[in-house]
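Line by line, the protein sequences give chains A and B.
Reading the first sequence from the start, the letters are residues 36 to 804 in my numbering.
Reading the second sequence from the start, the letters are residues 646 to 728 in my numbering.
For the record, the hints were derived by calculation from the structure and aren't laboratory data.
A few of these clues could be false.
Restricting the straight-line Cα-Cα distance to at most 35 angstroms, the calculated cross-link-like pairs of lysine-lysine (DSBU-like) are [what the hints assert, rightly or not]: (1) K194(A) <-> K663(B); (2) K406(A) <-> K676(B); (3) K122(A) <-> K135(A); (4) K656(B) <-> K406(A); (5) K119(A) <-> K716(A); (6) K663(B) <-> K337(A); (7) K676(B) <-> K663(B); (8) K661(B) <-> K337(A); (9) K716(A) <-> K692(A); (10) K122(A) <-> K148(A).
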Amino acid sequence: MTRIVFYGIGAIVSVTTVVVTLSGLIPGDRLVYAKQKQTSGGKTALSGVARGPAHYVPGEILVKFRDEASLSGIASLNVDTGAKELKPVTVQAGVIHQYKLDGALSVDEAVLKYQNNPAVQYAEPNYLYQLQAIPNDTRFGTLWGLHNTGQTVDGTAGKADADIDAPEAWEISTGSPNVIIAVIDSGIAYDHPDLTPNIWTNPGEIAGDGVDNDGNGLVDDVHGWDFLMNDRDPMDPVDLNPGGNPGHGTHVAGTIAGAGNNGTGITGVMWTAKLMALKAGGVNRSLSTTALVSAIHYAIAKGARVINASFAGSACSLAFYDAVSAANDAGILIIAAAGNGGDDGIGDDNNSTPSFPSNFSAPSVCNGQQKAALTNVIAVAATDQTDQLATFSNFGSTTVQVAAPGVRINSTIPTSNVTTVLLHHFDSNPIELGYVFGGTRSTWGFTDSTSSSQPNSLTDSPTGNYQNNTDSFAMGPVFSTVGQRGCRLDSRVRYQTELDIDEVLADVSKNNGTSWQVSQGISGDSNGRFHPITWGDIADGSAGSQFRFRFVSDESLTFDGAYLDDVRVACVADAPSGTTDYQFFHGTSMATPHVAGLAGLLLSANPHLSVTELRSAILSTVDRNASLNGKVSSGGRINARAALSSVVASSTIIVNKSGAGTGTVTSDPAGLNCRATCNGKFPLGSTVHLSAAPDPGSTFAGWSGDCSGTGPCSISPNATVTATFSIAPPPTNSGGGGCTVAPGTTGDMVLPTMFLISLAALLRKACRR
Amino acid sequence: MPLPLPRFAPKEVLVKFKDGVSSERIAAILKDNQTDVIAELQRGRLYHIRILEDRSVELAIAQLTSYREIEYAEPNYRYETQK
Chain A
36 MTRIVFYGIG AIVSVTTVVV TLSGLIPGDR LVYAKQKQTS GGKTALSGVA RGPAHYVPGE
96 ILVKFRDEAS LSGIASLNVD TGAKELKPVT VQAGVIHQYK LDGALSVDEA VLKYQNNPAV
156 QYAEPNYLYQ LQAIPNDTRF GTLWGLHNTG QTVDGTAGKA DADIDAPEAW EISTGSPNVI
216 IAVIDSGIAY DHPDLTPNIW TNPGEIAGDG VDNDGNGLVD DVHGWDFLMN DRDPMDPVDL
276 NPGGNPGHGT HVAGTIAGAG NNGTGITGVM WTAKLMALKA GGVNRSLSTT ALVSAIHYAI
336 AKGARVINAS FAGSACSLAF YDAVSAANDA GILIIAAAGN GGDDGIGDDN NSTPSFPSNF
396 SAPSVCNGQQ KAALTNVIAV AATDQTDQLA TFSNFGSTTV QVAAPGVRIN STIPTSNVTT
456 VLLHHFDSNP IELGYVFGGT RSTWGFTDST SSSQPNSLTD SPTGNYQNNT DSFAMGPVFS
516 TVGQRGCRLD SRVRYQTELD IDEVLADVSK NNGTSWQVSQ GISGDSNGRF HPITWGDIAD
576 GSAGSQFRFR FVSDESLTFD GAYLDDVRVA CVADAPSGTT DYQFFHGTSM ATPHVAGLAG
636 LLLSANPHLS VTELRSAILS TVDRNASLNG KVSSGGRINA RAALSSVVAS STIIVNKSGA
696 GTGTVTSDPA GLNCRATCNG KFPLGSTVHL SAAPDPGSTF AGWSGDCSGT GPCSISPNAT
756 VTATFSIAPP PTNSGGGGCT VAPGTTGDMV LPTMFLISLA ALLRKACRR
Chain B
646 MPLPLPRFAP KEVLVKFKDG VSSERIAAIL KDNQTDVIAE LQRGRLYHIR ILEDRSVELA
706 IAQLTSYREI EYAEPNYRYE TQK
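Could you build all of it, start to finish, from the sequences and the hints given here?
Written as structure tokens, this is what we have:
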């Protein structure tokens, strides 16, 4: 019992200390709690992986005395240990004393001395705890991929710390509204309350004025574009039929950047970001190369830094490769799903069964051409709640780079509340509906006999079997989707055709039938039953919308044909409620946005990171495990905290000492202080000033390597310098001038190599003067 | 059952022309091959076209790639979301 109180109070005290230190980094309304990561004095860490020695504040201890302890006894004990009161902290159970030791006793010795005194209830080092930012989103407990305490999620228990360490990462950054992540997918329900704050808005476009304000050829592309239906509205069309799109893009978007700490639903890996909605698919799950290429070029033109690609296919398209390569040139990272296993649902090896775009991360053969690996592509496999590779997940020792959580992922989905724009039962006076029949050998009409859908349905062959060599249609009336979004066409259908040869198709038009787009075809036998079917998307905001059903047969074999009923165009009715519009999905599609969100976090911490630096930060900081060894090239699952730490302070300056003399090299900011070879870590993009101080009897002869001259050395990390100290008394320095370089601006990120080249040039110039 | 969507869009081809080919020449080649332009991507070098007559995508690609002005021609391949 005492022990429990003891730990709890220790946590409160030390966190209070750290919060004060870091207060500038922590939003005021955010719940912060501590998790002890380390093991010390035989006490077991609560959770987490120890990443170094036990940490506590040097020279400080915390002591709680028993109530009966006398003030004089306390004072005398403190004299014995050399402890001086820093701060008494009043807690429920009394007073905790925070003492500073005078150095005569080590922290361990002092703790032991106090513990052995009967007046002391407990004594311990002033442990440092890792801060964690736990957001107040109501479903945060279900997001095991971000924070796994072993909790049961959707009926299945997890394993503590089999997660991406998001709360630890959020100590460093929770995102930024300046980082644009493009989601190329089925669209995004941009009206979802948990997404709305993080939806990108095109700064160059005036909403709804019908003018292409930014001159990019697209009118009113406010939040993105629908490259499937070529309309301005990238709303994710939800499909209530099994097998269709259940709100895929909206789910992915929520994992990247569902609004964090807003007291609602879930949070993304980024609490704050800008999500660009690039709709290239829809209710049919399928995305064509042309839509993808256009979407990628849009992302390039509009300043996205990361593209989420939660889709895959077996074809290596050159046009797709060229677009991804153009994104690489533009400094855009593309996070791609490794893909879910084929028909058997078991993950395949992408080394032998290529999957694209994820395999663009490795050398590929497209259309007979050998194509180089693209460094901006990271292929992502999926892990489960115990950090195992998901059974459905594709993998590849050279073709998949990393894994991320992809099983039982809870995120946002569009509302399933739809409004009906058009509904044809064909029951009373179907002629009045205005269908037009035509094409080659058309026998389309209405029937009340063969169909089991009473009283009437629409059919290609009202009297017996269809004919050979037909390509006929039943074209519905023109209708409007102006003011509507997320529209799609569905119906019930009964069919019997020559399998894979004769088929019934739905075509859609948004220009009164001037041009048609095929959405889907079916063939085979429904065994006399009507099935619900979602045919495909309908363009939003079009006054000239139309659909037609086509029947196409070849020269042999005829059957009963197709019957259609309850033909419906439905669109999104209202915004999602924000309380019920969440769902669990599985897939490498769900793993991918965890990595895209991490890339966004890295860019929020350091917007100047190149594609290569982002890639390295993500892949070199993974948590490795046996299940992923040999399955992904990095051997592990992403760790957001470790990746962020690596870009915040990841670069090294190496100092070598040369010459017969001796001396000390120090740095400003601190981090280096050495008399021989040593190195220090400094934030990327910062400027570090090195000083050399010769010992008596030695002299500083100068810098070499990435600095020169004898003056202070100002340098950007990722550099190596040598300091030479000589014994001989130096010749008198003529003009008293060393070689001094004006310090760079701190935080001004330059490609290290470029910076060093210009620095070297500056130095040469300066020294010649 | 609904057919699994074909691996590529029926009757559609993507054609990439080499740099320096005039727009007149591009139009002539596409017309000679009985195709309609659906869209120009990437500032006129990449064309999304529809095959007008009863020809397979494979045959149309074979015919198009015989032109030295064409860098490549390929089907409009499809990809699928991975939920």
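Right, here's what the structure says about each hint:
1. This hinted pair does not check out: K194(A) and K663(B) have alpha carbons roughly 55 angstroms apart, beyond 35 angstroms.
2. Using a Cα cut-off of 35 angstroms, the hinted pair K406(A) and K676(B) holds, with the two alpha carbons roughly 31 angstroms apart.
3. Between the alpha carbons of K122(A) and K135(A) the distance comes to roughly 9 angstroms, so the proposed pair stays at or under 35 angstroms and holds.
4. Under the criterion of a C-alpha separation no larger than 35 angstroms, the hint pairing K656(B) with K406(A) is consistent with the structure, at around 27 angstroms.
5. Between the alpha carbons of K119(A) and K716(A) the distance comes to roughly 34 angstroms, so the proposed pair stays at or under 35 angstroms and holds.
6. A hinted pair counts as satisfied when its Cα atoms are at most 35 angstroms apart, and K663(B) with K337(A) qualifies at roughly 26 angstroms.
7. At roughly 18 angstroms between alpha-carbon atoms, K676(B) and K663(B) fall within 35 angstroms of each other, so this suggested pair holds.
8. With a CA separation close to 24 angstroms, the supplied pair K661(B) and K337(A) stays within the 35 angstroms bound.
9. Taking the CA atoms of K716(A) and K692(A), the gap is about 18 angstroms. The hint holds against a cut of 35 angstroms.
10. Proximity of K122(A) to K148(A) is assessed by CA-CA distance (about 20 angstroms); at most 35 angstroms being required, the pair is judged to hold.
The structure does not agree with numbered hint 1 stated previously, though it agrees with all others.
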